[in-house]
Amino acid sequence: MRKRHILFIGLLAALLMALLFSFHAGTEGEAPASQAAQAAAVDSSSCVYPKEYMHTHHMQVLEDWKNTAAHEGPDAVHETADGRKLQKNLSTCLACHGSNRYFCFSCHAYANAQPNCWNCHISPLETP
Amino acid sequence: MMKNDRREFIRKAGMGLLAGMGAASGLLTGGGFERTTSAAWAAVPGEEGLRWGMLFDTRRCPEGCTLCIESCHHTHNVPDIASLEGKIEWMHKENGRELLGSLCASTAAVPALCNHCAEPSCARACPTGSIFRRTDGIVAIDYHRCVGCRSCMQSCPYGEVSFNWSDPRAALKNPTVEYPTRQRGVVEKCNFCSDRLVRGKKPSCVEACPEGAISFGNLNDPSSEIRRLLESSETLQRKPELGTRPSVFYII
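Going down the list, the protein sequences come from chains A and B. Okay, so the first sequence: first residue is 1 according to UniProt numbering, each after it adds one. Okay, so the second sequence: first residue is 1 according to UniProt numbering, each after it adds one.
Just chain B, with the same shape it has in the complex (with noise of 0.2 Å):
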């Protein structure tokens, strides 16, 4: 008799602790340490006006689709090299808990861009100020300015800049005429299609997703398509702890 009591308070005990750490655990993580809240969007006082940022609307995204990189590689002439150093990429697809932390359910294929983060640690790291962040919120290259130290490398924690080990004019087949290519010795990385932007046009990706599943907008406008989405929906930001604000939003 007195056994059993003991093995059933046991049994009880070890219930409760488990409840109580599983209800922890939901409410410390639930409650959105990754998860985006507005401070995500919110301007920051002084810096109200245009930041533009992308919304990727995960469930929409096919496997195996990559009409998104495509475009965007042909428009901006970026060589497709095939050794993984000398990889050059401004969008990949990789899989989504490896990019977006625990809080991602799914393990499939997320498109990664530059952040274009409102506190680019990339731009603080470049020693020449050829990576800076626009009034718009574009965090941009001048390749005229670039000498190549591979600091924003270093410094980016998304891993989003590449360099130009080699001519990349030796590994481009079909170039895009309208957009200049790089020399060898740069960095180079997403623009957020600034080229396009300035004619009025949204960017490649966008305009290639043939499921309208990413979304481009003002972040600091409250009526805009993306602010309306990220305060209807629940989205996750790359490595957000960190502090750089990313402008690239995903809904898993």
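Same shape as in the complex, but just chain A (with noise of 0.2 Å):
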């Protein structure tokens, strides 16, 4: 009687260990949410820099912007001199500017400018 209940309390064991595994392997699927670089904040309701400073600007502050980017990878973040924080990423322009479809094209074929910015990110004129 007794060897049987010895027995039994292994079984028990074999039993409860089995089922911790299988508990272990189950909480793969829920991760923790990732705790990606931390994105800047889109803050866009003015632009980077003042108006008329990016009417003659534009062009030096997007080049800057194409050669750092890539490179500091999740620090890419334009601080403005007010202190609000934008990514440092074309999509940040079009954010705001993507509305008119026209904004950036209007001026270049009017002063026969050919960035070749459209050759890889997709324009405003090629969305439906």
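It is possible that some hints are incorrect.
[To be verified] Okay, the calculated beta carbon distance ranges per label pair:
{"no.": "1", "chain 1": "A", "residue 1": "Cys96", "chain 2": "B", "residue 2": "Glu207", "range": "26 to 34 Å"}
{"no.": "2", "chain 1": "B", "residue 1": "Glu70", "chain 2": "A", "residue 2": "His57", "range": "37 to 45 Å"}
{"no.": "3", "chain 1": "B", "residue 1": "Ser232", "chain 2": "A", "residue 2": "His108", "range": "54 to 62 Å"}
{"no.": "4", "chain 1": "A", "residue 1": "Gln60", "chain 2": "B", "residue 2": "Gly185", "range": "41 to 49 Å"}
{"no.": "5", "chain 1": "B", "residue 1": "Pro222", "chain 2": "A", "residue 2": "Asp75", "range": "21 to 29 Å"}
{"no.": "6", "chain 1": "B", "residue 1": "Asp80", "chain 2": "A", "residue 2": "Ala95", "range": "25 to 33 Å"}
{"no.": "7", "chain 1": "B", "residue 1": "Lys239", "chain 2": "A", "residue 2": "His57", "range": "42 to 50 Å"}
{"no.": "8", "chain 1": "B", "residue 1": "Thr176", "chain 2": "A", "residue 2": "Tyr102", "range": "20 to 28 Å"}
{"no.": "9", "chain 1": "A", "residue 1": "Arg101", "chain 2": "B", "residue 2": "Thr176", "range": "16 to 24 Å"}
{"no.": "10", "chain 1": "A", "residue 1": "His55", "chain 2": "B", "residue 2": "Leu242", "range": "48 to 56 Å"}
{"no.": "11", "chain 1": "B", "residue 1": "Arg60", "chain 2": "A", "residue 2": "Thr56", "range": "33 to 41 Å"}
What the hints contain is simulated information worked out from the structure, not anything from laboratory work. A quick note: this is a predicted structure, and the numbers were derived from the prediction, not measured. Built from N, CA and C at the ideal position, the CB exists for glycine as well.
Put the two chains together into one complex, using the hints given.
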């Protein structure tokens, strides 16, 4: 009789261990939310620089972003003079200016400027 | 009698030899030459912090399913080019034995992508510095700077870099507006979804997998899900003997 008891206790322990393991394997699915590179909150209530400066110097700003953004990776954040933080990305510009499909093209066509942005970036003119 | 003894001796000695060889091969390869040890993910002094890594549980990866690949290629505007030379792939499925070596028991197709090595040979080979390792462990390409020399393709031991022989726009049917395409004459490869991470999202393959077979997380964080899995299971890496320290792991 005693031997049987001991056997049962052993079986129970084995069962518990198996359960524990199965639970352990089951926890894989739910992952903690990725502690993603701290994205700069898109604050685009006004432009990166004052309008007048952007009229004459937007190409320098974009050139700087183009050269530095990829290499800075998660830290590719532009801080404006009034402390707003913007992701160095053409889509940051297009978040506002994309609403007017001809925003870039009307001037560039007039000035015969042919930047190669749209070789890769999808221009507002190409979006449906 | 004499003849029988000799035969018996040879038989026994032969069996002993076979057993010895079996044990030796078991001890030598089974001892973990290719199998991942904690050294594969432990932070090297001076590079603590964030290091993104990915783990495929191939036991959960269904045969013939390509949802991860489709989702990856759609979100990143990877063109669908049929020709073998012109083919562009950020992610693909390959025979597990060919991918992971003889320790991989199954020959079923296993997903493969850029390994985002801690010691990337592609970054060493790039003459313009357009392929580089970011501070979060992602090996990224600056497409603006790439001159299309294909040194990275030659140096990558995993063959995970593709070259745009033709204009990829022509082969794109339904582009994703949020992500740029590439142009003719640059290389491209998986970016570990750095564009999605910056928005606090998980990589698109992880989200697309219906079986939850792909885990993604910080390899340097002992409490992350991927670290728990790495510590609790036997994992493999692709060609770990080369010392590139890949950040992609496989449970077979």
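The hints, checked one at a time:
no.: 1; hint: A:Cys96 with B:Glu207: 26 to 34 Å; in the structure: 28 Å, holds
no.: 2; hint: B:Glu70 with A:His57: 37 to 45 Å; in the structure: 42 Å, holds
no.: 3; hint: B:Ser232 with A:His108: 54 to 62 Å; in the structure: 57 Å, holds
no.: 4; hint: A:Gln60 with B:Gly185: 41 to 49 Å; in the structure: 26 Å, violated
no.: 5; hint: B:Pro222 with A:Asp75: 21 to 29 Å; in the structure: 24 Å, holds
no.: 6; hint: B:Asp80 with A:Ala95: 25 to 33 Å; in the structure: 29 Å, holds
no.: 7; hint: B:Lys239 with A:His57: 42 to 50 Å; in the structure: 48 Å, holds
no.: 8; hint: B:Thr176 with A:Tyr102: 20 to 28 Å; in the structure: 23 Å, holds
no.: 9; hint: A:Arg101 with B:Thr176: 16 to 24 Å; in the structure: 18 Å, holds
no.: 10; hint: A:His55 with B:Leu242: 48 to 56 Å; in the structure: 53 Å, holds
no.: 11; hint: B:Arg60 with A:Thr56: 33 to 41 Å; in the structure: 57 Å, violated
Violated hints, listed in ascending order, are 4, 11; each of the other numbered hints is respected by the structure.
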